[in-house]
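Protein chains in written order, with the working numbering: chain L, 17 to 135; chain R, 2 to 111.
No wet-lab data here; the hints were simulated from the structure. Nothing here was measured: the structure is a model prediction, and the numbers come from that model. Check the hints yourself; a few may be wrong.
Unchecked claim - Derived BS3-like pairs (lysine-lysine); straight-line CA-CA distance at most 27 Å:
id	chain 1	residue 1	chain 2	residue 2
1	L	36	R	98
2	R	68	R	98
3	L	36	L	80
4	R	37	R	69
5	R	98	R	57
6	R	98	R	71
7	L	57	R	110
8	L	82	L	36
9	L	57	R	37
10	R	57	R	68
11	L	82	L	71
12	R	98	L	71
13	R	69	R	98
14	L	57	L	36
15	R	98	L	82
16	R	110	R	37
17	R	98	L	80
18	R	57	R	37
19	L	82	L	57
20	R	98	R	37
21	R	57	R	71
22	R	37	R	71
23	R	71	L	57
24	R	98	L	57
To be verified - The following residues of chain L were derived to be distant from chain R, with all beta-carbon distances above 10 Å:
id	residue
25	24
26	28
27	30
28	32
29	35
30	44
31	74
32	77
33	88
34	103
35	104
36	105
37	114
Where a beta carbon is used, it is the ideal one built from N, C-alpha and C, also for glycine.
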Amino acid sequence: GAVVSQHPSRVICKSGTSVKIECRSLDFQATTMFWYRQFPKQSLMLMATSNEGSKATYEQGVEKDKFLINHASLTLSTLTVTSAHPEDSSFYICSASSISGKELGNEQFFGPGTRLTVL
Amino acid sequence: GEDVEQSLFLSVREGDSSVINCTYTDSSSTYLYWYKQEPGAGLQLLTYIFSNMDMKQDQRLTVLLNKKDKHLSLRIADTQTGDSAIYFCAERSRGFKTIFGAGTRLFVKA
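Working from the sequences, and respecting the hints, build out all of it.
Dropping the structure here:
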């Protein structure tokens, strides 16, 4: 299957700083990328959906000013956690799809995740 | 709203079959998925089934879908210690949003 990478895999930062997480599709063009958050021993919570070249669509309850998403190219999306606080500590996972999503059967390919720890 | 539920834990002996169950609420689901997550890693798609199918087999994996009861199961034959992981059931319905269950943690005892 297609490969999606995330960088960094692990980051520790001080409270109040901003952290940028990159998600790259390595061997395909991703028209749509998704950002999920996973709490320990819990499921994935969809944070936002981003289409290349347009603004991200955020799920209810997700602060768009805190979690800035940029999908400037077909192979790269970034999630910036602004003014991070300890409660933002979590495992952030991105996924990418090569089709717009309107067709059936398109698969999401998941990145390996980024563990963010805010001190 | 859409909801996907699955049991949280399953323990089996090596060599036995594992059956992980999942129920979902959205009758307009088009695709149903099983993902595997190993500790500290992202999700790996194991298999998926179209909503107009009732069974899909892929080597040691068998997926059964009862659309009437909105029940999905994943059977792993000859379970190995390397199968120990968290297994997520997920469904996709209208649009492109995928809803995940909470995950079933599979323990395989040697």
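Status of each hint after checking the structure:
1. A distance of roughly 24 Å separates the Cα atoms of residue 36(L) and residue 98(R); the hinted pair therefore holds under the 27 Å criterion.
2. Proximity of residue 68(R) to residue 98(R) is assessed by CA-CA distance (about 19 Å); at most 27 Å being required, the pair is judged to hold.
3. The suggested pairing of residue 36(L) with residue 80(L) holds, with an alpha-carbon distance near 14 Å, which does not exceed 27 Å.
4. A distance of roughly 26 Å separates the Cα atoms of residue 37(R) and residue 69(R); the hinted pair therefore holds under the 27 Å criterion.
5. Proximity of residue 98(R) to residue 57(R) is assessed by CA-CA distance (about 23 Å); at most 27 Å being required, the pair is judged to hold.
6. This hinted pair checks out: residue 98(R) and residue 71(R) have alpha carbons roughly 18 Å apart, not beyond 27 Å.
7. A hinted pair counts as satisfied when its Cα atoms are at most 27 Å apart, and residue 57(L) with residue 110(R) qualifies at roughly 20 Å.
8. Simply put, residue 82(L) and residue 36(L) have alpha-carbon atoms about 12 Å apart, close enough for the 27 Å limit, and the pair holds.
9. The hinted pair formed by residue 57(L) and residue 37(R) meets the criterion: a straight-line CA distance of about 14 Å does not exceed 27 Å.
10. Distance hint between residue 57(R) and residue 68(R) is fulfilled; the C-alpha atoms sit about 14 Å from each other, no more than 27 Å.
11. The suggested pairing of residue 82(L) with residue 71(L) holds, with an alpha-carbon distance near 15 Å, which does not exceed 27 Å.
12. The straight-line distance between the Cα atoms of residue 98(R) and residue 71(L) is roughly 17 Å, inside the 27 Å bound, and the hint therefore holds.
13. Between residue 69(R) and residue 98(R), the direct Cα distance comes to roughly 22 Å. Compliance with the 27 Å bound is thereby established for this hinted pair.
14. Pair hint residue 57(L) plus residue 36(L) holds up; C-alpha atoms about 24 Å apart against a cutoff of 27 Å.
15. At most 27 Å may separate the alpha-carbon atoms for a hinted pair to count; residue 98(R) and residue 82(L) meet this at roughly 22 Å.
16. Distance hint between residue 110(R) and residue 37(R) is fulfilled; the C-alpha atoms sit about 18 Å from each other, no more than 27 Å.
17. For the proposed pair residue 98(R) and residue 80(L), the alpha carbon gap of about 18 Å is at most 27 Å, so the pair holds.
18. For a cut-off of 27 Å, the pair hint linking residue 57(R) to residue 37(R) stands: about 17 Å separates their Cα positions.
19. The straight-line distance between the Cα atoms of residue 82(L) and residue 57(L) is roughly 24 Å, inside the 27 Å bound, and the hint therefore holds.
20. Our distance criterion of 27 Å between C-alpha atoms is met by residue 98(R) and residue 37(R), whose separation comes to about 19 Å.
21. At roughly 16 Å between alpha-carbon atoms, residue 57(R) and residue 71(R) fall within 27 Å of each other, so this suggested pair holds.
22. Distance hint between residue 37(R) and residue 71(R) is fulfilled; the C-alpha atoms sit about 21 Å from each other, no more than 27 Å.
23. This hinted pair checks out: residue 71(R) and residue 57(L) have alpha carbons roughly 25 Å apart, not beyond 27 Å.
24. Distance check on the hinted pair: residue 98(R) and residue 57(L) sit about 22 Å apart at the alpha-carbon level, within 27 Å; holds.
25. For residue 24(L), the condition that its CB be more than 10 Å from all CB atoms of chain R holds, with the nearest at approximately 13 Å.
26. Separation of residue 28(L) from chain R is adequate, the least Cβ-Cβ distance of about 15 Å exceeding the 10 Å criterion.
27. No beta-carbon of chain R is positioned within 10 Å of the beta-carbon of residue 30(L); the least distance is around 23 Å.
28. For residue 32(L), the shortest C-beta to C-beta distance to chain R comes to about 27 Å, beyond the 10 Å cut-off, and the non-interface label holds.
29. In this structure residue 35(L) is separated from chain R by more than 10 Å, as the shortest Cβ-Cβ distance comes to about 18 Å.
30. The Cβ of residue 44(L) sits about 15 Å from the closest Cβ of chain R, beyond the 10 Å cut-off, so the non-interface label holds.
31. Every C-beta of chain R lies more than 10 Å from that of residue 74(L), the closest at about 13 Å, which supports listing it as non-interface.
32. Consistency note on residue 77(L): stated as away from chain R, and its beta-carbon is indeed over 10 Å from all of that chain's, at 13 Å minimum.
33. No Cβ of chain R comes within 10 Å of the Cβ of residue 88(L); the nearest lies about 20 Å off, and the non-interface call holds.
34. Against chain R, the non-interface label of residue 103(L) holds: every CB pair exceeds 10 Å, the least being about 20 Å.
35. Separation of residue 104(L) from chain R is adequate, the least Cβ-Cβ distance of about 19 Å exceeding the 10 Å criterion.
36. A cut-off of 10 Å between C-beta atoms confirms that residue 105(L) is not in contact with chain R; the least separation is 15 Å.
37. Every beta carbon of chain R lies more than 10 Å from that of residue 114(L), the smallest distance being close to 12 Å; the non-interface claim holds.
The structure is consistent with each of the numbered hints, conforming to all of them.
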